[in-house]
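**Q** Each chain is listed here by its residues.
Number of protein chains: 2
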Amino acid sequence: MNQVVDTILGHYSVRKFADKALTEETLATLIKSAQAASTSSFVQAYSIIGVSDKQIREKLSVIAGNQPYTVETGQLFIFVADLARHHAILEKEGSDVSALSTSEKWLVAVIDAALAAQNMAIAAESLDLGICYIGGIRNDVEKVAEILELPPYTMPLFGLTVGHPDTKQEIAKPRLPQELIYHQNTYQQINTVALEEYDDQIKQYYHERTAGKRVESWSEQIARGLGRENRLDLKAFLEKQHLNQK
Amino acid sequence: MNQVVDTILGHYSVRKFADKALTEETLATLIKSAQAASTSSFVQAYSIIGVSDKQIREKLSVIAGNQPYTVETGQLFIFVADLARHHAILEKEGSDVSALSTSEKWLVAVIDAALAAQNMAIAAESLDLGICYIGGIRNDVEKVAEILELPPYTMPLFGLTVGHPDTKQEIAKPRLPQELIYHQNTYQQINTVALEEYDDQIKQYYHERTAGKRVESWSEQIARGLGRENRLDLKAFLEKQHLNQK
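Line by line, the protein sequences are chains S and C.
With the UniProt record's numbering, letter number 194 in the first sequence gets 194, and the count goes up by one each step, no holes.
With the UniProt record's numbering, letter number 125 in the second sequence gets 125, and the count goes up by one each step, no holes.
Please keep in mind that the hints were generated in silico from the structure rather than gathered at the bench.
Please note that a few of the clues may not be correct.
If chains are identical, the list can't say which one is meant, so a pair holds when it fits in one copy or spans any two.
[Unchecked claim] Pairs of lysine-lysine, DSSO-like flavour, derived with a Cα cap of 27 Å:
1. K16 / K240
2. K20 / K59
3. K213 / K173
4. K20 / K240
5. K92 / K173
6. K32 / K203
7. K32 / K173
One chain only, chain S, in its complex shape (with noise of 0.2 Å):
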């Protein structure tokens, strides 16, 4: 098609990198590739935190599950619902600061995150280097938040890994067929015969991936994986940093 869209469709997560910093030059192309995209109104309500000090790494890394991806790779982002600077912006100009904590303001935040974020991806694969997204950060949001020094009015959302590969995956995960994400005018419920078939071909895709050790249909990685609840600090932790509240 075009280099474009070629990588966006090549894109497969890395999980071993040489452990070799990226250039003070690609980091520089990556933040300002992430400060590219869209933003609502403008409000630009998200940071990103560059963690080069491999100690404090390591504590995230502990946090996340013990990847050690989040520590050897070339540069570990941490992607922050921001909206510290607006309520900074808003004190100073005598305004009220109560909207910071809807939940409108927050989505606003965590959209305008996830947005900035896949373009420093996008831009990070264009350049041959690997990227991983960890949400294991989420696992203790208190914690991430003391090691990082973040006020109020923020939350760490996810980590983004990038670094030079050092294992290249040969099958592309196979996404839900398009009719079951692709809804023509209206929401379409689920056509079970399409998700039975996809069923089966990730129970194939992971059957080839493991030499036939995990053999695991997507219905029932799903079953497994939201059958339980987790991360329940999250509202609390929200409601201390005043976000997400009305």
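With the hints as your guide, set chain C onto chain S.
**A** Below, chain C alone, put in the same frame as chain S:
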């Protein structure tokens, strides 16, 4: 740099399109690109509604504040945080559905949807199409859900209008200076000198783009836009949809 980074850095929002539908091939590329994004634990917790029906577009446009570029466009996509498929699977597998109502799973769905959307945006721009995010659909999520026939465990997040641009923007809108977005290892408090410089830069930007009609700094824009609460029905809507409850 390369075509990917050039595309990302060349982004600007388009608000006037030729009234010409996207081809099936382009649509397929955009959807495939969206689906190639990272997804938390492979849950793929989003749906995309492609609204080609002009009457439905008109209805959504009224909600979003009468934006003609949601009607006259190549395609209007609505990105939906979607745990309804997972609900159906959990019920079928006899698993507990309560985890779907946690803040954590809500966050996963929002981030999944945003990453997919940004992939679509970049892919579209690489095909010489223009894009604009439409947060305005959150002016009345209840009504949008009714129009699009959304089931429980879903929420419409934003629109993405994609089409053949009828205008071209010459000056890129300057983002916050890197030091205000990017932090080294730990969060840094706002640098007020850098902020003042940026405020001047944005004033100048608006002055040039509006031939002197609009003179507003970023801080002033933030104080004006974030100084009042809006969309206070989101919380009740999420509750009704069994999302973000604990």
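**Q** Return the numbers of the hints above that this structure violates; sort them in rising order.
**A** Violated hints (numbers, rising): 1, 4; every other hint is consistent with the structure.
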